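**Student:** Line by line, the protein sequences are chains A and B.
So for the first sequence, this note's numbering puts the first residue at 1; every next one is plus one.
So for the second sequence, this note's numbering puts the first residue at 399; every next one is plus one.
Honestly, I wouldn't trust all of these hints.
Claimed, not checked - Here are the simulated distance ranges between beta carbons:
id, chain 1, residue 1, chain 2, residue 2, range
1, B, Ile694, A, Glu165, 21 to 31 Å
2, B, Lys718, A, Pro170, 26 to 36 Å
3, B, Asp607, A, Arg209, 37 to 47 Å
4, B, Lys682, A, Ile204, 35 to 45 Å
5, B, Thr724, A, Asp168, 28 to 38 Å
Claimed, not checked - Quick look at which bits of chain A chain B covers, simulated, 3 or more residues with Cβ under 8 Å:
id, region
6, 28 to 34
7, 107 to 117
8, 138 to 150
9, 258 to 268
10, 365 to 374
It is worth saying that the hints were derived from the structure and are not from the lab.
As the structure is a computational prediction, the values presented were derived from the model and not from experiment.
Yeah, the Cβ is synthetic: ideal placement off N, Cα and C, and Gly gets one too.
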Amino acid sequence: MSVRALFAVAGLIAPLWAQRGGTDEFVQLEPVLQAALHKASAFVVTVETFGGTRRVTGKEGPMDGLAPPKPRPKPKPKPKDPDDDDDDGEGKKKPKIPLVAGGFQQAQGKTTGVILSSDGWIVISRFALNLDPTTVLITVPDRGTFHAVRAGEDTSRGIALVKIEADDLPVPEFVHPNDVRVGQWAFALGRTFAQREPTVHLGIVSAKRRLFGRALQIDAYTSPANYGGAVIDIHGRVLGIAVPLSPSGRNAGVEWYDSGIGFATTIADIPHLIARMQEGQILQRGWLGVQLSTSHLGPGAKITGTPKDGAAAKAGLRKGDIILKVDGVDVLNGPHFQMLVSSRLGGDTCTLFVKKKRKDEPVEIGPIALKNAPWSEQQRGAEEVPASFSLPKGDGGR
Amino acid sequence: MRRRLAILIAACAAVLPAQEQDFGKRYSFAEREPRTQVEKTIDRLLPSIVKIHGASGLATIKAYATGIIVSDRGHIITLDQILLQADRTRVVLYDGSVHRAILYPADERLGVRLLKISPEDVDGKLQPLWPPSEEQAGYHNGQFVVSLGNCFRLAEFSEKVSATFGVIVGTANTALRYRMADVKYDGDIILTDACNNPGHYGGGLFTLDGRWIGLNMRLLDSKETNTMLSAAIPARDLLPYLEERVLGKPRVEVRDEVVPVWTGITLFEQAGRKSPPAYVERVKRGSPGRELGLRIDDLIVRIDDFSVRSCMEFRRVLEKYKPGDTVKVMWKRGTRVMTGEMTLAKEPKR
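Next comes chain A alone, as it looks inside the complex (with noise of 0.2 Å):
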């Protein structure tokens, strides 16, 4: 308690000090920045893991489509065109570069995670359970370590829930998106290498609603030292989980870690995806299975493919076909139709008005249940997957 008034009366000391000399916002800055830090350091908490029988390279691949690890999916042929919320199926064409010096490999060093409840749900960053480990402990600062049990996941953000045995533990505020604004402060903390307060990196918020309104971005350096730790602001409240994804679900995660570009996967707005998570479903970005045309400008989404196991080609959707509305929803082109429907997760249902090709009046199809990704752990065993980020061809530093 002490500390703080201390750090309360340095906060209001500073400034007057700072104007003698002209502005000095950093010398202004740093008590502001202490107290938001201590404040969060009680709620920022150290993720321990043992055991896990996977290796995880560098390799590129899924991070987004980590396959759960139980049940395990029965091994399929690998489909030609998966997915139909990158970029439209353009990206497959080209010849994809590796972007990770071999060798390297994901570490099993503590990560971080942050309290949810005061009964014991913490948040974790999905990266911290790659290697599958078997055992999970959490040291809560100043309560002393838990052994943690596994609760569900949303590998389309990168998160996973743990349940301690505790409880009166301290909660943050989180901080709804739509009151967040690019350029705020954002301050991305991690309990790797702490050791009494969490480490600590500054930015900003970069971007919001980013992959499908799941993550801001910022610029807070980012990296497994802080994966599942907080993202704050200037008060000490939650923006986000620190967690590596990317745009396409595939490279799994900053493609160089602390290079800027980080996301920090949102809370606030998803109580109702914590609620399933901790009845223990893992939660996966869904699949509708469709090919959109880039030459068609609209309206309407045209579909150029559906691969034959997605939910689309199920629901009688054809090449050629033109999608109206989803959801009663006019459609006014691909990429529109990509911002309505990339948001879901698998099992989520949609409804289309779909103009089929060489029929006049539209038609109503659905409502279509949509599949999880199939990218995962198909096209490798289960013994290895891919880190959920990559290092720079070449010498890269090491």
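We have chain A; now place chain B onto it with these hints.
**Tutor:** Frame of chain A, contents of chain B only:
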């Protein structure tokens, strides 16, 4: 004064023939007065920072670093991990003057080395810095720092070294390495987001008010994350070496005989697995492990502050201790996390 300048110019002309015309006269430029705390601090510190060129001579310099003047008798501290050659090492001062340096024996543990130039050759007075005393040496996460160093050897002649700005990210005491080689220094290091780049090594990390808190290390690899870190050795940790070499204080080296410790714990190590978690397979009767109350299938997760994630780490951590030391052990039994204290013993004779 003028004659000395002439000599200096001649010296520079001799060592930098290609750039003779550019640097024919003292190289300076107009600047406004520093206004903010950051500007004032940098302005005050820059004369104490020197550029160091080692190894293969000034014509084809490959090895370069930064140093900090620590005495008015010409002592300069730098990182030892650049190629320094006794007869080839040159120190370039703030005013552009070039000096020969003699090398002191390095401190193996810290990986730092002192150089000395002769103060008689210096035009004016050296402005030494000294690590702050224990009370002054405090720093905390999120504190703003200025890092000064000659990154990528961008500063030539009297050009000033580069200043970078950031915060203290944290302090760490963790397994680290340079490229694949383990780092000998085992104390706390300061992590910062003010980037370290080649050449920045050996420069200083300073607070807003100009306290010297760290000596920049090379870019580190953390074994904890497999990522790279910018880090600095806390300046106060340099004191024993500096006091010995600069002030001539005798240093008391405590070197214990290495005696392996014995816990009586056998871990479950499956064949074919590289480093399985540290599950207890057997605990010898009458051993420290038995006294602690460990049972079969307990998972050892921590010894003091060290995380134990594998059998190998269990052994590595114990190497840091000697018989008679008491350690705090944390283990997991089922879903319970338990702790206890164990006094390490010597291997019993058979």
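**Student:** Confirm or reject each hint.
**Tutor:** Evaluated hints:
no., hint, in the structure
1, B:Ile694 <-> A:Glu165: 21 to 31 Å, "holds, 24 Å"
2, B:Lys718 <-> A:Pro170: 26 to 36 Å, "holds, 33 Å"
3, B:Asp607 <-> A:Arg209: 37 to 47 Å, "holds, 41 Å"
4, B:Lys682 <-> A:Ile204: 35 to 45 Å, "violated, 58 Å"
5, B:Thr724 <-> A:Asp168: 28 to 38 Å, "holds, 32 Å"
6, 28 to 34, "holds (count 4)"
7, 107 to 117, "holds (count 4)"
8, 138 to 150, "holds (count 5)"
9, 258 to 268, "violated (count 1)"
10, 365 to 374, "violated (count 0)"
When the structure is compared with the earlier hints, violations turn up for hints 4, 9, 10 and for no others.
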